[in-house]
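Asks: One-letter residues, chain by chain:
There are 2 protein chains.
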Amino acid sequence: MIKIAIDGMGGDYGPEVVVKGALEALKNFNDLELYLYGDIPKMEKYLTTKERITLIQADSVIAMGETNPIRAIRNQKDASLVMALNSVKEGVTEGIVSAGPTQALVVGGHLIVKKLPEMQRIAIAPIIPSLDKKGKILLDAGANVELKPEHIYELAIFAAIVFQNYFQKQRPLVGLINIGEEKGKGRAQDLASYELLKTSNHFQFYGNVEADKVLTSEADILITDGFTGNVVLKTIEGTAKTMGLILKEEIKSSFFGKIGALFMNKNLTRFKKRFDASEIGGAMIFGLKAPVIKAHGSSNEVAFYNAIRQARTFIKNQVVEKVERVLKEINV
Amino acid sequence: MIKIAIDGMGGDYGPEVVVKGALEALKNFNDLELYLYGDIPKMEKYLTTKERITLIQADSVIAMGETNPIRAIRNQKDASLVMALNSVKEGVTEGIVSAGPTQALVVGGHLIVKKLPEMQRIAIAPIIPSLDKKGKILLDAGANVELKPEHIYELAIFAAIVFQNYFQKQRPLVGLINIGEEKGKGRAQDLASYELLKTSNHFQFYGNVEADKVLTSEADILITDGFTGNVVLKTIEGTAKTMGLILKEEIKSSFFGKIGALFMNKNLTRFKKRFDASEIGGAMIFGLKAPVIKAHGSSNEVAFYNAIRQARTFIKNQVVEKVERVLKEINV
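If you're matching them up, the sequences are chains A and B in order.
Quick note: the first sequence uses our numbering, first residue 1, plus one each step.
Quick note: the second sequence uses our numbering, first residue 333, plus one each step.
The set of hints was computed from the structure by calculation and includes no laboratory data.
A quick note: this is a predicted structure, and the numbers were derived from the prediction, not measured.
All C-beta atoms in this analysis are idealised placements derived from N, C-alpha and C, irrespective of residue type, glycine included.
Do not take every clue at face value.
[Stated by the list, open to error] Derived BS3-like pairs (lysine-lysine); straight-line CA-CA distance at most 25 angstroms:
1) 604(B) / 266(A)
2) 409(B) / 421(B)
3) 241(A) / 605(B)
4) 466(B) / 241(A)
5) 248(A) / 465(B)
6) 580(B) / 133(A)
7) 89(A) / 115(A)
8) 133(A) / 590(B)
9) 584(B) / 258(A)
10) 272(A) / 604(B)
[Stated by the list, open to error] Where chain A lies over chain B, by a calculated footprint (3+ residues, C-beta under 8 angstroms):
11) 552-564
12) 571-582
Chain A with its partners taken away, still in its complex shape:
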């Protein structure tokens, strides 16, 4: 059995989408056993089975707007997120999924689940949409405002092993996000990262990728520091949302537009889905001793289901163990 801890209360919509997503995962994978931490009466409402699912009472929740995640993790021992993280630490479960506040999950992962001793940094790594529908891994999306070339390098290896196990591609292409395609572009740290990345034989180095090619380049993994990665991810989200609003505005602005929309209703829904984070999965926290997956805060049950599916793949394929093995070889 693969045992996964679930933060039953995290996210903007609380236990409903979490429990429904969890039930969907249990239905699809019969090797799965889930531990839901949260307010039992609130979670129970949505429960239709008790098979392979355990509810554990947690009396508090870390708020989505929490501004001091370190203090929250340290003080709220009875928070659903903290209890779920502790279950991983104690070996009750092998990984965790939460839709709670990202920084609290990063800090909590760091303090409770702990970093792999072979890793110097952890990173937030969402799967982002791509034109070819395959999806890519972007990192670091905000765990570290700065990363040294050697951190970029070890995180690229982590990402490559995850990509191999998720997308069944042996030597994934790693691209360095930069302000020009040619070698020699960027800041001092980007030049140094470029030189280091091209020495690896655990992935294929694609070279620099300009930000306008992030969604369309052939690179499977796009790597940069946490400041830049966060800016890229948020700019994609903001642009997609704004374009969606403008499209809606323009369609509604005329009678023929509205008629047209009736005809292409299904097309527009598919269009929306292709940029919808919930169809893709959660953001992974790389570098920890166990899989920690962040489902989107505005997750629906599909998103939450996908995040659980991700955690299961992570555990089943022993991604963390594989990374450890590779990093140990390198550091010999």
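Add chain B to chain A, keeping to what the hints say.
Replies: Relative to the frame of chain A, chain B by itself:
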């Protein structure tokens, strides 16, 4: 008369869109006189009048893919871009518009037109679209990979004065692009920029703006270093383009989609236009002794016309002189 130098050969489409855009500008502004540098026979083909327009022969062109812009600017004295820049230096004209390669224009502006002595850095400042249709100024979009807080500060003043003169708003809102809205977010340089920006009385400091709000926040000016600004700009472009492709793919994927598109043809055109750089204008190079405007390389004649209109406003409102005055006051 306002005299503007035009690089007649720059850009992906060469003299046709340049000459047509120039003619349109002359038609709309009778205080305008244009000097077109380029291959006279090639430019003449599209000329319908000789009033207030002078053609000057330039025997070479700096290629769009030029990888060594410094060398190109130094060696190609007969290039249309170099001759146009020299006309500004010599006082024949008061500003320049080119659709040629950005880095060559930045380097050429620096070497030939020269930096204002009061400015420590120059910056690339495009006008970007916004949900409210007003447009915003983004900088630095790539002139400097790194900028110190004091550079950010003087560039914010430059941007504020430009914004006042373009958009008739007395105290524009300046936002610092960052990875969180709260004070205390970002890298060391972002924290220092935050503290410095809030001391100015030449603009109103809006605080941090996360990248997902770049197109929708109330800030009129969005400032950051040239690495981050370039990443933001390119990510917006790439996401918009990819979403456009996906929308087209999904519409074409079914019969009803195609029918729907016929009904909403005009709506889709307006949608496209609202994210179209050509409707907004060129990128300004801030910090030089005279207005230098970069029209998009893939400019159509509307884009080129808009870039000329921008240069005219810049000159007519004496933006450079106003910036000098303010910076002198500050440095006393």
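Asks: Are the hints correct? Go through all of them and say.
Replies: Taking the hints in turn, this is what the structure says about them:
1. Our distance criterion of 25 angstroms between C-alpha atoms is met by residue 604(B) and residue 266(A), whose separation comes to about 21 angstroms.
2. The suggested pairing of residue 409(B) with residue 421(B) holds, with an alpha-carbon distance near 14 angstroms, which does not exceed 25 angstroms.
3. Taken as a hint, the residue 241(A) and residue 605(B) pair is honoured in the structure, with Cα atoms around 17 angstroms apart against an allowance of 25 angstroms.
4. For the suggested pair residue 466(B) and residue 241(A), the alpha carbons sit about 18 angstroms apart, so the restraint of at most 25 angstroms is met.
5. Taking the CA atoms of residue 248(A) and residue 465(B), the gap is about 15 angstroms. The hint holds against a cut of 25 angstroms.
6. A threshold of 25 angstroms between alpha carbons decides the hint, and for residue 580(B) with residue 133(A) the separation of about 15 angstroms falls inside it, so the pair holds.
7. Of the pairs offered as hints, the one joining residue 89(A) and residue 115(A) holds, with about 11 angstroms between alpha carbons and a cut-off of 25 angstroms not exceeded.
8. Between residue 133(A) and residue 590(B) the CA atoms are separated by roughly 22 angstroms; this keeps the pair inside 25 angstroms, and the hint holds.
9. A distance of roughly 18 angstroms separates the Cα atoms of residue 584(B) and residue 258(A); the hinted pair therefore holds under the 25 angstroms criterion.
10. Pair hint residue 272(A) plus residue 604(B) holds up; C-alpha atoms about 17 angstroms apart against a cutoff of 25 angstroms.
11. Coverage of the stretch 552-564 of chain B by chain A holds in this model, with 6 residues showing a Cβ closer than 8 angstroms to a Cβ of that chain against a need of three.
12. Beta-carbon proximity to chain A at under 8 angstroms applies to 9 residues in the stretch 571-582 of chain B; the threshold of 3 is reached and the given coverage holds.
Checked against the numbered hints given earlier, this structure breaks none of them.
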